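Protein chains: 2
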Amino acid sequence: MINAIIYCENEFGKVDGKVANGLIRHSEKYRILGVIDSSKAGLDAGEHLSGSKNGIPIFQNLDEALGNLSNTQIHFIYGIAPNSTFLSLSQRNVILSAMERGLNIVNGLPELLTEDLEFSQKATEFEVKIYDIRKAPNRQNLHHFTGKINDVKTPVITILGTDCAVGKRTTSVKLVEALKEEGINAIFIATGQTGILQGAKYGVAIDVLSSGFATGEVEHAILRAHGERQPDVIIVEGQGALSHPAYTSSSAILKGSRPDAVIIQHAHKRKFHCDYPQFRLPSLLSEINLIETFMPTEVIAIALNHEGMKEDELENVIREYESNYTLPTTDVLKQGCSDLFKALFGKFPNLEQVALSYNNACQPQD
Amino acid sequence: MINAIIYCENEFGKVDGKVANGLIRHSEKYRILGVIDSSKAGLDAGEHLSGSKNGIPIFQNLDEALGNLSNTQIHFIYGIAPNSTFLSLSQRNVILSAMERGLNIVNGLPELLTEDLEFSQKATEFEVKIYDIRKAPNRQNLHHFTGKINDVKTPVITILGTDCAVGKRTTSVKLVEALKEEGINAIFIATGQTGILQGAKYGVAIDVLSSGFATGEVEHAILRAHGERQPDVIIVEGQGALSHPAYTSSSAILKGSRPDAVIIQHAHKRKFHCDYPQFRLPSLLSEINLIETFMPTEVIAIALNHEGMKEDELENVIREYESNYTLPTTDVLKQGCSDLFKALFGKFPNLEQVALSYNNACQPQD
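These protein sequence lines map, in sequence, to chains W and H.
Just so you know, we're using my numbering here: the first sequence kicks off at 1097 and counts up by one.
Just so you know, we're using my numbering here: the second sequence kicks off at 1097 and counts up by one.
Note that these hints are calculated values from the structure, not bench results.
Honestly, I wouldn't trust all of these hints.
Output of the computed footprint for chain W on chain H, the stretches with three or more beta carbons under 8 Å from beta carbons of chain W [claimed, not checked]:
1. 1305 to 1317
2. 1343 to 1355
3. 1383 to 1392
Owing to the predicted nature of the structure, the values given are computational and were not obtained by experimental measurement.
Even glycine gets a Cβ: it sits at the ideal position worked out from N, Cα and C.
My request is simple: use the sequences and hints to build the entire structure.
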């Protein structure tokens, strides 16, 4: 594991802090030593995010963080994912200042710091490295769509949603963890920078790829995982929404993964797109209809995001969705994945057999 | 106009020769002096393509072409658009040899020759220029989607289709020409390399752009045309198909143009995608349903591609479509645009008023 602190000034726990939020929830590659967000300084990151402490402190600023951490070789993860095209001058200065203190920079933005003269000179001067997570592979190493995805007989489940930053990746990661606990060899295919930062072995940040390659790289990641790991099930992270006013990533992910089933993520209380507030969110019904019209697949479960809801309201809303849509419905952060299992085992009985065999084998013997 | 010859060995008139075919049909920027395709050497390009001569000869090879042309400053347009990622060695040699003879290179491939050392050195050595038509603008000059397209009250019509290379651009260009003849200020928005090579003033080859920018650049081209030209109607070229197994361009074009109406292009006899023959084409009905589910718009007319059909069969098929879909149906290459006018004037009566005023003003006065 690589030691790291995450910079997320003013945004930790919010929509634009989704890179930081994701890494606090799940991180296989980086050992997160702290978060920098002066607006929440002194709080515990886990408690602020989900109500249960995880011992990761939130610092006032970089000085305080470095003063409190004895480790060396610390990576500085830029944990804000804004919608703007370029960093502001003050945001640039935050990163440059971290470099001057000897920290390596992990950058998930579409803006590539390795291709920016000021950053590359600073890296040379202070002997630090810059990792541009979203740098697209060279064209020579990119894959066109081939159609071989149709030969994959292992169930492919894609987690789509009705908006950006709505919980698709969180549900994907939680579901993969829960499946593994049942002895099911589930593989996660990341399609965004946070999933890759979290340590996903398969996938690429597809939003920097052009039309043909985005689809081809999703297919290729699945084919590679399928060939190398013989999984029982493949869980593909979605991006944005198929109906999103601006982004085509969901379209590429659906075409590249050609899923046997879809789980749809939705925030019951969100009425407008988080990054395009002039556009209303689709109804869940219309999004399900669009997905099933777009691709011969089936939405088999609903994963809710509880933002803006209290526990008891969430309970009622879940029951309402289950009744209206006749689909298993859950909030994986509050209620775990058992309802998603119900949907998966109903559609793919072999998966249930794998879990049963595993659990039988794990029983204490007389 | 710039003097040019088009290289289209073995592919002129076929699907992969679509850049050459398009330029022979319509060219506002280049004066096409000849086509190179040894398999059709000696024929007239117009006659081979559409049955009526246009005086553009087809040559055996570059030597023959240059021997027959007295003009200097000739541009060499690479007129094949294959599905493969890179040029083969022999294809590279054809272009290098043209450069050695002093020809400037016009390249519509996604492979950028200006970024290829061998080509850029050859260009310096022989003092010729390379124009990479599909080179994406710098990120600094690209536009994110803003949603301002919703403020455009001028009718926006997008020409979509059920496959690549099915006639969307041809229908778009013919329709714009026909509208202009009626005094209607119609603006064409190109979204692919051929439209831009043909001289379109607005648009960008979107298939080299990533998710957010593809949508944003389509929107931006429309906003710019709308602001600069006060058009009566805006015609947007589609790419691929919304249901295409690999490409997401149609998705970006629909999101960026948010059309008031769609005209759909279809090849009645084509059963499989031309570049993915393992995938069946959608039925026209399912594609129309998908488009209207994807975006709040309306398919108002069908433009057929007559490939594989004789005149009388085409007539019958057109009548069959009109009856089955209750939509005006035409093949613009064989029957012109009057049926598309019927659809447009029905949906946008103001356009008919513009045409009536123009034609009244053009009547000879007593």
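Structure-based check of each hint:
no.: 1; hint: 1305 to 1317; in the structure: holds (count 7)
no.: 2; hint: 1343 to 1355; in the structure: holds (count 6)
no.: 3; hint: 1383 to 1392; in the structure: holds (count 4)
Going through the hint list in order, the structure satisfies each hint without exception.
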